[in-house]
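Asker: Given chain H's structure and the hints, the job is docking chain L onto it.
If you read the protein sequences in the order shown, they are chains H and L.
When we follow this note's numbering, the leftmost residue of the first sequence carries the number 235, and every step to the right adds one.
When we follow this note's numbering, the leftmost residue of the second sequence carries the number 68, and every step to the right adds one.
Since the hints were derived computationally from the structure, they do not count as laboratory data.
Incorrect hints may have been included.
[To be verified] When the alpha-carbon atoms are kept at most 25 angstroms apart in a straight line, the in silico BS3-like pairs for lysine-lysine are as follows:
1) H:Lys369 / L:Lys128
2) L:Lys128 / H:Lys526
3) L:Lys131 / L:Lys119
4) L:Lys168 / L:Lys128
5) H:Lys371 / H:Lys526
6) H:Lys494 / H:Lys526
7) H:Lys400 / L:Lys119
8) L:Lys131 / L:Lys167
9) H:Lys400 / H:Lys369
10) L:Lys167 / H:Lys400
11) H:Lys371 / H:Lys400
12) H:Lys400 / L:Lys168
[What the hints assert, rightly or not] Away from chain H, derived, C-beta distances all over 12 angstroms, residues of chain L:
13) Val124
14) Ala134
15) Thr147
Where a beta carbon is used, it is the ideal one built from N, C-alpha and C, also for glycine.
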Amino acid sequence: MLSSRAEAGQRMTNPVLNSPLAGVARSWERARRPNRDHVEQLKSRVPYWFVVLFLLGFSVLQIILNPFGFSDLTQRYTQDISNLLITGPFLYPTTGRDAISVAVIDEQTLHGLQMPWPWNFSAHARALDAIREYKPKAVIVDLLFVDMRPDDTVGELVDEIARFRKDGIPIYFEGGIDLPFGEAPIRPEIARTGVPVLDPTIEVYDGVVRQYPASGHCYGRNGLLPGTCPSLALRVYQDLYPAHPLSPMHDKMELVWGTKTAPFNVRFNSGPLPCNDDASYALRIYRAFFDKESAVGRCPYNNDIPVEALLGGGNDADLNALIPGHVVFYGGALQGAQDKSYSPVNGEQPNVFVHAMALDNLISFAGQPQKNVMTIGPYVFSNNTAQIVAIVPIILILSYMHRRRIRTRGRRIDRPDHGALYDWFMDKGIENLWHWLAFLLAIGIGLVLARWSGLSVANWAQDVFLSVELAAMLLVGAPDSFWGYLHHVAGGSPGDALPEATA
Amino acid sequence: MRHIFMVPLVAAAAIYAVPALASSDDCSSIAGDAVLSARTPQVDLYDGPNGKRIKSVDDDKFPKCLAVTQRAPNMMLQVTIDGAPVWVPPHMVNYRLTGKKPAICRNLAMGGTDTKVGATRALGEDCPQKPATP
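This is chain H alone, in the form it adopts within the complex:
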């Protein structure tokens, strides 16, 4: 094989060798059988811009293409662990929890009252009336009244809505979605009262609820309306908490699930298992990573009031503490109703608690919930774009340090004024430092994004993993090798590389 200098000499004298076809053939030959010495020498000449482009390309591919679901998995896993270990127990305030209660119709309610499901409208009207008597801040009915079953007591529910109105207590109903035969989303008798009807949609990912929609269907007196309206929790928050306006929502809320179960639930729970296992923080960390089932809470986070306690009347001290001034959700937890899901910090629970948790987030964060998009001025960036933007400064800094390291190494080779042992330790020490630097850079930028634009940890955590991958790629010299090979194939001369490497 000819050296680069010899090749250059021959090309100057031989016109056949100088043809484009011959150039391609030579490149092909170099691609097939690269000269390792040349490649090694050209590696040291990798330019800064190439390292940046190489790392950026790798990052973009990983973030956008989501290979093997890695992107999604890291996002959701990080969110779950963060909920269980950091935000839930330490950072999430209980402001919302102390303002919300959930009145639940469950199997024990049906059994105890001997009232099989479904209840007639009269029974619901009585339950709502019992709640109203405690003067709640608002009531959200998390039951769908879609079916046109014959029930001549529907007027009682209509009258109950009027009583709420008279007392100045807001009451909300929910409308059906995806009704295949064009059914009305809610009974016309109820819709005609003009009561606000909200979209009960929730977001479930692999059976777990981590996000909450910002918008949903609109409903009017005559059923579905065109356009989009705020989702259930957002609408209720906007109506009830005008002092803390809702920040603009462009996509979804990232739910933070609290882990400090309502004290009433802890006290009220009479089952054989406690609501939460008391465990040290170290044990909790172990369980979160290796035995998640034992780390999650067993009871709902928000106050759980059995409906029969309301229907029984009397002057209950607990109810006096849990309903007046509270936002009360009225919903069901019935077997076979398919209205349950998991949260990252709980086992299976009725979806009425998902709506409660979404409102809890809005109250606790004073209208600034965590989001899955980044907003800068008038521009909204998707979480992929946000992650790419966030990884750019990390790439610039890592690439700069990489380039500097290559030059330093070249100087050390030329002037071996330190022992090999010293060099080895210095090299390794700095290399290890890189990992930490990349890691800390990503965490720092993520925290800035979280603080500045409300971007949830799930939407920047991948940058942390990615930054460590990038540091590892630099340590093994992946961009350098790639550059060396490409440069060699393109006809780069190692002679040109030598002066720069030793500069």
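Answerer: Just chain L now, kept in the frame of chain H:
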């Protein structure tokens, strides 16, 4: 002379005792369970424990001291008003029940990571079945 000292004591006792007696139970003439008075501005009257509302009565027109003739499992109370038996929701009235009120308990610690239900109940029982293919 001793009676002079007793007067203020008796008067003080009367001041405390009379309202207490009046508020605790005005309906001592009724044995057993009783609806004492209206608790809410309006009391709804029903034709059955799971029935339909007949009418609503303002609290000032709702009679006091009604004997409870029947208690339904869903906690509705049957009383007789104007000679007709009607049912009242307990949350709308002040009432007195003999015996102990049934405790309301919950096993809230139900959450597990295993799904417990995989079907919707009571549906499809009468659906036409496809004939089995040979």
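Asker: Hey, lysine 131 of chain L versus lysine 167 of chain L, does the alpha-carbon distance stay inside 25 angstroms?
Answerer: With Cα atoms ~23 angstroms apart, lysine 131 of chain L and lysine 167 of chain L stay inside 25 angstroms; holds.
Asker: Take a quick look at whether lysine 400 of chain H and lysine 369 of chain H sit within 25 angstroms of each other, Cα to Cα.
Answerer: At roughly 12 angstroms apart (the allowed maximum being 25 angstroms), lysine 369 of chain H and lysine 400 of chain H satisfy the hint.
Asker: Hint check: lysine 168 of chain L vs lysine 128 of chain L, CA-CA at most 25 angstroms. Holds or violated?
Answerer: Roughly 28 angstroms separates the two Cα atoms, so the pair is violated.
Asker: For the pair supplied as a hint, lysine 400 of chain H and lysine 119 of chain L, confirm whether the alpha-carbon distance does not exceed 25 angstroms.
Answerer: holds, 22 angstroms
Asker: Quick one: work out the minimum CB distance from alanine 134 of chain L to chain H and report holds if it exceeds 12 angstroms, violated otherwise.
Answerer: holds, 17 angstroms
Asker: Does lysine 526 of chain H lie within 25 angstroms of lysine 371 of chain H when you go C-alpha to C-alpha?
Answerer: violated, 37 angstroms
Asker: Assess, step by step, whether the Cα of lysine 371 of chain H is no farther than 25 angstroms from the Cα of lysine 400 of chain H, and give holds or violated.
Answerer: holds, 14 angstroms
Asker: Measuring Cβ to Cβ, find out whether valine 124 of chain L lies farther than 12 angstroms from everything in chain H.
Answerer: holds, 14 angstroms
Asker: Given the hinted pair lysine 131 of chain L and lysine 119 of chain L, is their alpha-carbon gap at most 25 angstroms?
Answerer: holds, 23 angstroms
Asker: Between lysine 369 of chain H and lysine 128 of chain L, does the CA-CA distance stay at or below 25 angstroms?
Answerer: Roughly 23 angstroms separates the two Cα atoms, so the pair holds.
Asker: Does the no-contact call for threonine 147 of chain L survive, Cβ to all of chain H over 12 angstroms?
Answerer: Given a closest Cβ separation of 19 angstroms, the condition holds.
Asker: Just to be careful, I want the Cα atoms of lysine 400 of chain H and lysine 168 of chain L compared with a cutoff of 25 angstroms; is the pair within it?
Answerer: violated, 33 angstroms
Hint compliance for this structure: hints 2, 4, 5, 10, 12 are broken, all remaining hints hold.
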